[in-house]
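Enquirer: Single-letter residue listing:
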Amino acid sequence: MKPFFPNRLKYTAAVVAAAMLAPAAGFTQAFDLSGLEAVPELSDRVPEKIATRGVLVGGSDNAYAPWEFLAGEDGQTPQGIDIDVGRAIAKILGLEYESRTAPFPSILPALGSKYDIGLNAFSITNERMKVVNFVSYSDTQGLWVIRAGNPTGFDPADYCGAKVAIMSGTYYEKHLDLDNQACLDAGKPAIRKLPFSVQTEAITRVAAGGADATATGGGTAAYAVKQAGGRLENLEPVEPMGKRGLNGIAVAKDDMELTRLIADTLNHLIDEGVYAEIYEFWGVGHFLVDESVINPEVSN
Amino acid sequence: MVSGSEEAPRDEGQQVRLNEVVPRRHPGRWLAVVLLAVVVMQVLHGVIVNPNFHWDVFWQYLFAPTVIAGVGWTLALTVISMLVAIVCAGMLVLMRDSDNPILRTVSWLWIWFFRGTPLYTQLLFWGLFAVLFPRLSISVPFGPEILGVPTDWVVTAGVAAILGLGLCESAYLAEIFRAGFRAIDRGQTEAAQAIGMSRGRIWWRILLPQALRTIIPPTGNETIGMLKGTALVLAVPFTLDLMFATSAIANRIYLPVPMLMVAAFWYLVITSVMMIGQFYLERHFGKGQDYVRTRHT
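Sequence lines, in order, name chains B and U. Using the working numbering, you'd call the opening residue of the first sequence number 1322 and step up by one each time. Using the working numbering, you'd call the opening residue of the second sequence number 62 and step up by one each time.
These are computed hints drawn from the structure, not numbers from a lab. From the three backbone atoms N, C-alpha and C, an ideal C-beta is built for every residue, glycine too. A few of these clues could be false.
Across the chosen pairs, the derived CB separations fall in these ranges [claimed, not checked]:
| # | chain 1 | residue 1 | chain 2 | residue 2 | range |
| --- | --- | --- | --- | --- | --- |
| 1 | U | 170 | B | 1552 | 31 to 39 Å |
| 2 | B | 1552 | U | 133 | 38 to 46 Å |
| 3 | U | 201 | B | 1471 | 30 to 38 Å |
| 4 | U | 100 | B | 1620 | 25 to 33 Å |
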């Protein structure tokens, strides 16, 4: 496990400084995978359906910079950390990678049919593991995004009654609901939840002043602060929302064969050092895992 | 039979030959019915026994409390927004035909603006209204405030949704109302003026009842469209309507298809009730003019 940064400022500064490497819209930024070769022991295990197609299809909403977003010259090409991880996995397996843009809630139910894998910075939760298999590939922590200077006096330790924008169907929304229940049980005013279908809309609502804060994964929250040019800042959440947690690649529940293949491929990339290089390239080196685990034990 | 004249002689065995009248046969129709029945049964079978539709989940959530509440809120949004829209559209039509050029221009600008921007964009703006205008107040122009409230108290999510839906719809309805009035022959107004009726009386007693016959079908159409348009209020965000309620459940159980069918079922039920209501309204306003189909014509 990577060491946890105890100092909020140091953590945020490190993420923001590293996020300087992250691209602005219009730039094509992708990790150079030309040195990677297909590995026969792994590429032989590719299921026939995918092998004949020659393409590994990953489902993603492509609206979660810097993990995945639409950019490039035409503004329609998926780029990001997850895209490069997907491309690396596909290259090892002797396939091409295609990231298909889809609404976030529609990805997990369509695994195995429309998409081979779900690669969208999914938080690994016990509830989701009842429905899909997960292969861990990142270790991240959530962050709040608020307006610079905290004009509404937002306090992560006690935010009952605040207006919070959140993305529907996410791990952070579940924790928001739990915090809301705690507020109501304590007799305090309810948290006013504003759900949105993509994270970018939630952050925009905060920047516009229509919401006090939004919570999302650390990489995305820090990237938003950097892109907003001083209008936003980050705050650390308190436990349990602020707990470090694993993100995973989702595979269909009944396809253990493909799940094991993805895990072995990721572990190969970790052993070869390519995985660490991709993460350093995007400036999220402190989100690495030492080993990719299938359906790991998590407490959420 | 001719009375008083010679009857034609008849032979013993010759009967009056009656034509054998049978209904006209339509063998092609029967063939088409059989083919259609086969196709329909295939489709129904493909849907009913299909495990991918998760019918058990459909039945489980069809009468769930949040879904029923969602139906209620959607109906409330539809009814209140249409009332707002009808009142505004009525005023707009009056303004459009008035002698006052300022009123005419205002009416034209309103219709131009609210028809010219997408409903989703308008709802986004209404959701941000409290941010753009933090305080609603009556004040001396460029002077001190007399009476004011924070906008948040007045323009809540529900009010924003209703205003967004209602004002956008009023522009479309105003044009439908105008069409209804244009369909009335100019002679009606002239005759009413000739017998000395006032403008208001002409409008209320002569023009409006005739215009309503033309206005009701497209307005019913718009109401049914508004029912589905309420799904867009997630832009505000207003989260109590039917579409959001079913989406929230779908996100929790990772099964989008049965929840989509729950939403579709309830929308169909409400639309069917509305269509029945529209039938009776149309029949009332079409009295004396509509072609009423009887059995033998």
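Enquirer: For each hint, tell me whether it holds in the structure or not.
Expert: Each hint tested on the structure:
1. U:170 / B:1552: 31 to 39 Å: holds, 34 Å
2. B:1552 / U:133: 38 to 46 Å: holds, 40 Å
3. U:201 / B:1471: 30 to 38 Å: holds, 35 Å
4. U:100 / B:1620: 25 to 33 Å: violated, 54 Å
Taken one by one, the earlier hints fail for this structure only at number 4.
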